[in-house]
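Asks: Taking the hints into account, I'd like the entire structure generated from these sequences.
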Amino acid sequence: MKKFFIIALSLFLLTGCLPSVEKQDEVVQEDQESEETAIVPNYQISDSYYRTLIPFEPSDTRGLVVWNLNTRYDSDEFEEGLLRIAQKTFSTNTYIFQDGKYLDKETVQKWLKREYTSDQLKEKELTEADNLGLNPPLEDDADAEEIESHPIYLSYLLEHNYLVKTDENTVKLGGVAIGLALNSVYTYTIDGIEYTKEITDEELEEEGKSIAEEVIRRLRQTKGLETVPITIGLFKQTEETSIVPGNYFTYAISETDTSLNWETLDEEYVLFPSTNAQNNYRDDYEKFESFQLDVTQYFKNYSGIVGRAFYLEKELQKLSIDINIQFYGKAETIGFAQYITSLIGEHFPDEWTVEIKVMSSTGQEALILKEPDMDEPFVHIY
Numbered sequence: 001m002k003k004f005f006i007i008a009l010s011l012f013l014l015t016g017c018l019p020s021v022e023k024q025d026e027v028v029q030e031d032q033e034s035e036e037t038a039i040v041p042n043y044q045i046s047d048s049y050y051r052t053l054i055p056f057e058p059s060d061t062r063g064l065v066v067w068n069l070n071t072r073y074d075s076d077e078f079e080e081g082l083l084r085i086a087q088k089t090f091s092t093n094t095y096i097f098q099d100g101k102y103l104d105k106e107t108v109q110k111w112l113k114r115e116y117t118s119d120q121l122k123e124k125e126l127t128e129a130d131n132l133g134l135n136p137p138l139e140d141d142a143d144a145e146e147i148e149s150h151p152i153y154l155s156y157l158l159e160h161n162y163l164v165k166t167d168e169n170t171v172k173l174g175g176v177a178i179g180l181a182l183n184s185v186y187t188y189t190i191d192g193i194e195y196t197k198e199i200t201d202e203e204l205e206e207e208g209k210s211i212a213e214e215v216i217r218r219l220r221q222t223k224g225l226e227t228v229p230i231t232i233g234l235f236k237q238t239e240e241t242s243i244v245p246g247n248y249f250t251y252a253i254s255e256t257d258t259s260l261n262w263e264t265l266d267e268e269y270v271l272f273p274s275t276n277a278q279n280n281y282r283d284d285y286e287k288f289e290s291f292q293l294d295v296t297q298y299f300k301n302y303s304g305i306v307g308r309a310f311y312l313e314k315e316l317q318k319l320s321i322d323i324n325i326q327f328y329g330k331a332e333t334i335g336f337a338q339y340i341t342s343l344i345g346e347h348f349p350d351e352w353t354v355e356i357k358v359m360s361s362t363g364q365e366a367l368i369l370k371e372p373d374m375d376e377p378f379v380h381i382y
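Numbering follows full-length UniProt numbering, in which position 70 of the sequence shown is assigned residue number 70; successive positions increment by one, without gaps.
Where hints are given, some of them may not hold.
To be verified - Computed list of lysine-lysine pairs in DSSO-like fashion (alpha-carbon distance at most 27 Å, straight line):
id : residue 1 : residue 2
1  : K124      : K105
2  : K113      : K124
3  : K287      : K223
4  : K113      : K209
5  : K124      : K110
6  : K209      : K110
7  : K209      : K165
8  : K223      : K113
9  : K101      : K223
10 : K101      : K197
11 : K300      : K88
12 : K172      : K105
13 : K197      : K88
14 : K223      : K165
15 : K357      : K300
16 : K223      : K172
17 : K209      : K300
18 : K165      : K101
Because the hints were derived from the structure by calculation, they are not lab data.
Replies: Written as structure tokens, this is what we have:
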């Protein structure tokens, strides 16, 4: 039975601070199974963001990403980076974002497991159709050498869907983006003792591409995904103690079949201050160091300044700074925020996006944001 998917297009009329919604034509999406009502905002914040269906329907896998990735930094960048990759194929002006609807929680959890050996299949009374694990198989009685040489590569799999209008009031699935989160460090236990092993970039890329090929093959066997364009990216996680996220390092597009043409991504997150920043991005490091010096010179009760820089093709795109400081009144908070805002123009180039969060022991005190197209920074005092 076909599902009638009714969408009311809305126009956001900005009146003061509150938008009003004007419903327009209803449409039918024939590849679904029940009737629902949704809104597609006509207002788009910028070309960097997709419009989404309202109300937002989360994927069945919602929440799994936090449990399967090493850090919150990784989980945030894993999703945000996939949105950036998707924009290489699916324009934000044409496509509408929808959380993944084709891979449910049970399927994803099965795919993240190790592949079963023949003995394990017999023991569990399973068939090859149940053998869906994408990580290397390992016998139950494997010795230490075998355990070490069979890492868990795939940590998580994320699905995004992109809808496209077929005429004025009709939408359908126009594409899919898949992110594969890969472990750069393999953690395993032998006789109650925990060990770690670093996975080389070469090994991670080879195994990641092999997993991606199998994922594409399975998706092409899924009803509704036989011929839609699929973009797939490989994400390298950082270690559990890292305070900067990992990054996507390659992606591929499958237009209508199972073939993949891989493209290299030159993205990196760098901690400031750090040896990496000092050795490889010296000019940017000196700008940050000068900013840090000005902060510490006039405010002695700060407890730390940490920066996270996002680089694209070796050029700094965004610098996020956390400043921890103890305040003794709102007036002091306002004064500090004003001073920090004045330092942005003195130390950082106009083409950088700079985001500064001022924190105290009780929470966030201020947010300061300067983007390339802004004449003056945005400042909010909490």
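Asks: Which numbered conditions among the earlier hints are violated in the structure presented, ordered from lowest to highest?
Replies: Checked against the structure, the hints that fail are numbers 3, 7, 10, 11, 13, 17, while the rest are satisfied.
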